[in-house]
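Number of protein chains: 2
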Amino acid sequence: MSGEDAPAHQQNAVDQKQETKPTEEPKTEPPKTESPPAAAAEAAATPAATTEKVPEEETFTYRALVLTGYGGYDKVKLQVKKGKPTLKAGEVLVRVKACGLNFADLMARQGLYDRLPSPPVTPGMECSGVVEAVGEEVTDRKVGDKVMVLNRFGLWQEVAVAPANHTFLIPEGMSFEEAAALPVNYITAYMMLFDFGNLRPNQSVLVHAAAGGVGIAATQLCKTVKDVTVFGTASASKHETITQGGVTHAIDYRTKDYVEEVRKISPKGMDIILDPLGGSDTHKAYNLLKPMGKLITYGAANMLAGQKKNLLAVAKNWYHQFSIHTLSLIQGNKSVCGFHLGYLDGETELITEAMNTILDFYKDGKIKPRIDSTWHLEQVGDAMRKMQERNNIGKVILTTEPMPEEEKKEETKKEDKKEDKKKEDKKKDDKKKDDAKKEEKKDDKKDDKKKEEPKKEEKKEEEKKEEPKKEEK
Amino acid sequence: MSGEDAPAHQQNAVDQKQETKPTEEPKTEPPKTESPPAAAAEAAATPAATTEKVPEEETFTYRALVLTGYGGYDKVKLQVKKGKPTLKAGEVLVRVKACGLNFADLMARQGLYDRLPSPPVTPGMECSGVVEAVGEEVTDRKVGDKVMVLNRFGLWQEVAVAPANHTFLIPEGMSFEEAAALPVNYITAYMMLFDFGNLRPNQSVLVHAAAGGVGIAATQLCKTVKDVTVFGTASASKHETITQGGVTHAIDYRTKDYVEEVRKISPKGMDIILDPLGGSDTHKAYNLLKPMGKLITYGAANMLAGQKKNLLAVAKNWYHQFSIHTLSLIQGNKSVCGFHLGYLDGETELITEAMNTILDFYKDGKIKPRIDSTWHLEQVGDAMRKMQERNNIGKVILTTEPMPEEEKKEETKKEDKKEDKKKEDKKKDDKKKDDAKKEEKKDDKKDDKKKEEPKKEEKKEEEKKEEPKKEEK
Chain A
1 MSGEDAPAHQ
11 QNAVDQKQET
21 KPTEEPKTEP
31 PKTESPPAAA
41 AEAAATPAAT
51 TEKVPEEETF
61 TYRALVLTGY
71 GGYDKVKLQV
81 KKGKPTLKAG
91 EVLVRVKACG
101 LNFADLMARQ
111 GLYDRLPSPP
121 VTPGMECSGV
131 VEAVGEEVTD
141 RKVGDKVMVL
151 NRFGLWQEVA
161 VAPANHTFLI
171 PEGMSFEEAA
181 ALPVNYITAY
191 MMLFDFGNLR
201 PNQSVLVHAA
211 AGGVGIAATQ
221 LCKTVKDVTV
231 FGTASASKHE
241 TITQGGVTHA
251 IDYRTKDYVE
261 EVRKISPKGM
271 DIILDPLGGS
281 DTHKAYNLLK
291 PMGKLITYGA
301 ANMLAGQKKN
311 LLAVAKNWYH
321 QFSIHTLSLI
331 QGNKSVCGFH
341 LGYLDGETEL
351 ITEAMNTILD
361 FYKDGKIKPR
371 IDSTWHLEQV
381 GDAMRKMQER
391 NNIGKVILTT
401 EPMPEEEKKE
411 ETKKEDKKED
421 KKKEDKKKDD
431 KKKDDAKKEE
441 KKDDKKDDKK
451 KEEPKKEEKK
461 EEEKKEEPKK
471 EEK
Chain B
1 MSGEDAPAHQ
11 QNAVDQKQET
21 KPTEEPKTEP
31 PKTESPPAAA
41 AEAAATPAAT
51 TEKVPEEETF
61 TYRALVLTGY
71 GGYDKVKLQV
81 KKGKPTLKAG
91 EVLVRVKACG
101 LNFADLMARQ
111 GLYDRLPSPP
121 VTPGMECSGV
131 VEAVGEEVTD
141 RKVGDKVMVL
151 NRFGLWQEVA
161 VAPANHTFLI
171 PEGMSFEEAA
181 ALPVNYITAY
191 MMLFDFGNLR
201 PNQSVLVHAA
211 AGGVGIAATQ
221 LCKTVKDVTV
231 FGTASASKHE
241 TITQGGVTHA
251 IDYRTKDYVE
261 EVRKISPKGM
271 DIILDPLGGS
281 DTHKAYNLLK
291 PMGKLITYGA
301 ANMLAGQKKN
311 LLAVAKNWYH
321 QFSIHTLSLI
331 QGNKSVCGFH
341 LGYLDGETEL
351 ITEAMNTILD
361 FYKDGKIKPR
371 IDSTWHLEQV
381 GDAMRKMQER
391 NNIGKVILTT
401 EPMPEEEKKE
411 ETKKEDKKED
421 KKKEDKKKDD
431 KKKDDAKKEE
441 KKDDKKDDKK
451 KEEPKKEEKK
461 EEEKKEEPKK
471 EEK
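Chains A and B are the protein sequences, given in the same order. The first sequence begins at 1 in full-length UniProt numbering and counts up one residue at a time. The second sequence begins at 1 in full-length UniProt numbering and counts up one residue at a time.
Worth flagging that the hints you see were computed from the coordinates, not collected in a lab. There may be inaccurate statements among the hints.
Each pair may be met inside one copy or between any two copies, as identical chains are not told apart.
To be verified - No farther apart than 30 angstroms at their CA atoms in a straight line, the calculated lysine-lysine pairs in the DSS-like style are these:
| # | residue 1 | residue 2 |
| --- | --- | --- |
| 1 | K290 | K88 |
| 2 | K290 | K256 |
| 3 | K268 | K88 |
| 4 | K284 | K308 |
| 5 | K88 | K142 |
| 6 | K223 | K363 |
| 7 | K146 | K223 |
| 8 | K284 | K256 |
| 9 | K366 | K226 |
| 10 | K386 | K256 |
| 11 | K368 | K223 |
| 12 | K363 | K226 |
Chain A extracted, bound-state conformation:
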C-alpha cells in the first residue's frame, strides 16, 4: 500500500510546535528553539515557490505528522518532508486539504493498533484533497479531481499517495471537511448496520457513544430505514444534539444503568447493538439482544484509559473480553460479529459498493457528516485529546491550512506551559528514578512503574478511567 512508501522520505522528528525551514538536505538535527518564519511555512505548502533550477523532486517539501514512538499526545510531531513522492502504477498523488481523526489513531499512538507500522510513521486513515498527479494505468481519476481518500495509514500530511481505487470523488456541495469526516465513520456504520446487522424496518438499534463519529453516522443511517428506533448513549449535555440527529431514546450512561433504561422501553431487548466498548459491555450487549439479534463489536474503547497505554485497562479489557460458545448462540438465536475497517483494506469492491450507497444517501440529503471541530496540524495533540476525553460531538478534523501567526503564538505559549508542566513532572520523576531517560523509550515498563508513583496521581488516573469511559468514538 502506498502509505508504506511515505516513511522513506521522512526526516527526524521536530517539536510539534515548530516548523522546520525548507532546506536542500534532510536535517538530522533540526533547530529546537528557533521559531520558523511564516514565509517558510508558506513555501513548504507551495512546492512551486522555490528556485527553478533545482528539479522539483528535490525542492518539493511538505509538512507531515509523524508518530515518533508510542505514548502520549506529544508523540505525534509535525515534520517537514522533502522530495516529491514517486507514484507507482495505479496510484495518485493528493494535495491534502483535511484529515479525519479516528479512534484507531488514538489506539495506534499507544501501540494498541497493529495495522500501523512501527514508528516513525505517518498515521491517518482518511483525508480529502485534490488530485495533483496520477500514476500509470490510472484512468478514472485526473489532476484536479476533488477526492476523499481511505488508506491503512499515511494520510495526515499535506501530500499523500494512495491507490486510485482508494479514492472517491467528492460530490457537488460537500466541503473538504465533510469529505474528510465521511469515509471511516460512514463505511463502518454502513457495513455494520446493513451487512452484518441486516437492518430492516421496525427494528431497534442500540448505538453506544451516539455523539461520536460512528455514532452520529449510525444514527443517520438508521433513519434511512422506516420506523427504526435508535437508543443512543451519551452524556446528558449531548442529548439535545443527538436527539435532533435522530436518536429516539437518549440515555445518560453516566447517571443511569443503560441496560435497565433500554429494558424499561423495550423489554425484549434490541435487534442490533453496535458495541465500540469491549470488555464487560460486550457481555451486557449480548444479554440485551432479542432472538435473531445481532451484536456487532467494533472496538475496545474501554481499553483506552488515559493518554498513554494503561496496562491495567488493557488487562481488564482482555480479562473481560467476550468469548462465546456456539451452544449459547444456538439456544439464543443470536449473532456476534466483529468489525474493523482497518482490517478490510484488501476488500476494495465491498468498500466501493458501500461508499457508492453512502454517497447516494448524501446526495439525497439523508446523511450529513457533523463536524465537531477543525484543528491545524500543529494542534494534533489537542485534537486527539478532545476526542479521547470524549468532549466531541461528531467528527474531529485536521486541516492542512497554514496556521495564522497569532494562533501560532498562542499555541506556542500553551505549549511552553505544557513543557514547563512536563519538566516539573520529570523533576519529580527524576527524584525517584535515575534511569528516567531510558524509560522514555520503553513506555510499557514506564506504565508499569507508574503504579509506584504518588497516590494522588494514581487516583486522578482512576477517575479518568471511570468518567469518560463510554463516551464518543
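Chain B: place on chain A using the hints.
Quick look at chain B alone, frame taken from chain A:
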C-alpha cells in the same frame, strides 16, 4: 403450548409393532403379544365409528407416537390415546395427515434436546393436516382448512392441537407430504440465509449435508438470489441429485478434505457457511470465511454417533466446541451466528413473515420440498434410522395413513428379527452385568460402561462415527 396438554391423555407404552384395541378405559397394562385386528386400527382412526350413546369426548381415540424414555429407536412407541382433546382459546384441532422428521427429534430421543419435555411425551415439530375444530377467538382458520403446523413438540399423532398462529394454509397444489416437509427445513434455511446470512447476489455459500432436509431447502433458497455459488457436501452417490437441485460444486467429504476442495475453487473462502455439524467442523468453517463472512451454526450432528447417546461423541463435541473471542472477530471482520428454530417458538411474527415469503417462493415454482421417503407411524424407528444413518436425500416423512395388512405382517417379521437380535445382544450383556435391567433406564451410565464391552463392537461404533458423520440433516 398446546402440545403440553397432550401427554395428559397418554396411555402406557405398547410395543411399536402393535396397536392397542380401542377400549372404554385407559389400559394401564396393554397386551404385549396380541396382534390388533385391522378393524380396530381403522376405528381408532375414524372417531365416528363407535356407538352413538357414549359422548364423543370419551369414545374419541387416536394413535400417537410417544417417546417413552431416552435411548434407541425403540423408545418411540405407537400408542392409542383416548378422549378428544379440548381446545383453549386461540387453538385449533388438526386431523394430521403427514409429519416431518427432524434432526432435533433424533437428538430428543437420546435426551440431547432440552426443548422436549421429559418422557412420556409425543415428539414432532411439524405436520400437515385438516382443521377439525377451532377454539374460541380463532378467526382466521375454519374447519376443513388444509394447514401445515409448526410446534415445539406433540405433532406425531393422528390428532394434534396447536395455536392457530402456529398453522399456515397449504397452498393450492401442495401435497400433505410436501406440506409436512416444509416448515422446519425451509424456515430454518430461510432465516439462516436471509436474516443472519444477509445473502446477496454473487455470493458463495457452503452447505454441509446438502442432501439433507435443510441442505436441499438451503440450496433451493440460494438459487432464488442471482449468481449465488453453492458448495455442497454429500457422499458421492448423492452428487447427481444435489447438483440437479442447484449445488454448483458437490464435494464428497468422505474421500476429500472439504476445506481444501473449497479453497481450490474459491481461494478467499466463503461468504456464508451453514454448519449443522458442530465441534471441530465449526473451527474449520470459521477459518474458511471471507472478510465480512457469516458462519451460521445450527446443530451438533457430530454429537450423534450411534443410536443411543454416545457420551464420548458428546464429550468430544463439547471439548471441540467452538468458542470465539471478540478480538478475533474484529480482526477477521467475521460473524458467528447460532440458529435453532426450536428456541424461537415465541417469535410468531418473525416466523410468519419468513413463512409467507417461503410460500410465495413455492407458488412461483422457485422451491419444492423433496421427499426422500414416507413411512407409516408403525415404522417410525426405521424412518429415524434412515435419517440418522444419513441414507436420505431430502425429507423423511411419516404418514398417518393406516398401514396395509400385508406390510404390517412384513413389519412384524422384521421386528421379530430385530427383537431376536436385541435379545441376543442382551444375553451377551447379561453375562457381563447382573444389573442390566436397572441400567436399561439409566442410559447415561450404560453408555459409560459400554466402553468396557468387546472391542469388536467398539470398533464398529468407531467406524460408524467416522463414516456418516457429516451427512444429511
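Results of checking the hints against the structure:
Taking the closest pair of Cα atoms, K290 and K88 come within 30 angstroms of each other only across two copies (28 angstroms); inside a single copy the shortest separation is 50 angstroms, beyond that limit. Taking identical chains as interchangeable, the C-alpha atoms of K290 and K256 lie at most 30 angstroms apart only when both belong to the same chain, with a minimum of 21 angstroms there against 39 angstroms between chains. In this assembly of identical chains, K268 and K88 lie within 30 angstroms of each other by CA distance solely across copies; the values are 26 angstroms between and 54 angstroms within a copy. For the homomeric pair K284 and K308, the shortest alpha-carbon distance inside one copy (27 angstroms) is at most 30 angstroms, but the shortest distance between copies (38 angstroms) is not.
When the C-alpha separation of K88 and K142 is checked against a cutoff of 30 angstroms, the pair qualifies only within one copy, where the shortest distance is 15 angstroms, while the shortest distance between copies is 73 angstroms. When the C-alpha separation of K223 and K363 is checked against a cutoff of 30 angstroms, the pair qualifies only within one copy, where the shortest distance is 15 angstroms, while the shortest distance between copies is 34 angstroms. In this assembly of identical chains, K146 and K223 lie within 30 angstroms of each other by CA distance solely inside one copy; the values are 28 angstroms within and 42 angstroms between copies. In the homo-oligomer, the alpha carbons of K284 and K256 lie at most 30 angstroms apart inside one protomer (14 angstroms), although the nearest pairing across protomers, at 42 angstroms, exceeds that limit.
In this assembly of identical chains, the alpha carbons of K366 and K226 lie at most 30 angstroms apart whether taken from the same copy (13 angstroms) or from different copies (29 angstroms). Within a single copy, K386 and K256 get their C-alpha atoms as close as 24 angstroms, which meets the 30 angstroms cut-off; across copies the closest is 56 angstroms, which misses it. Taking the shortest Cα distances, K368 and K223 sit within 30 angstroms of each other inside one copy (12 angstroms), while across copies they are farther apart (38 angstroms). Proximity of K363 and K226 under a CA criterion of 30 angstroms is satisfied in both settings, with 19 angstroms inside one chain copy and 28 angstroms between copies.
The structure agrees with every numbered hint stated previously.
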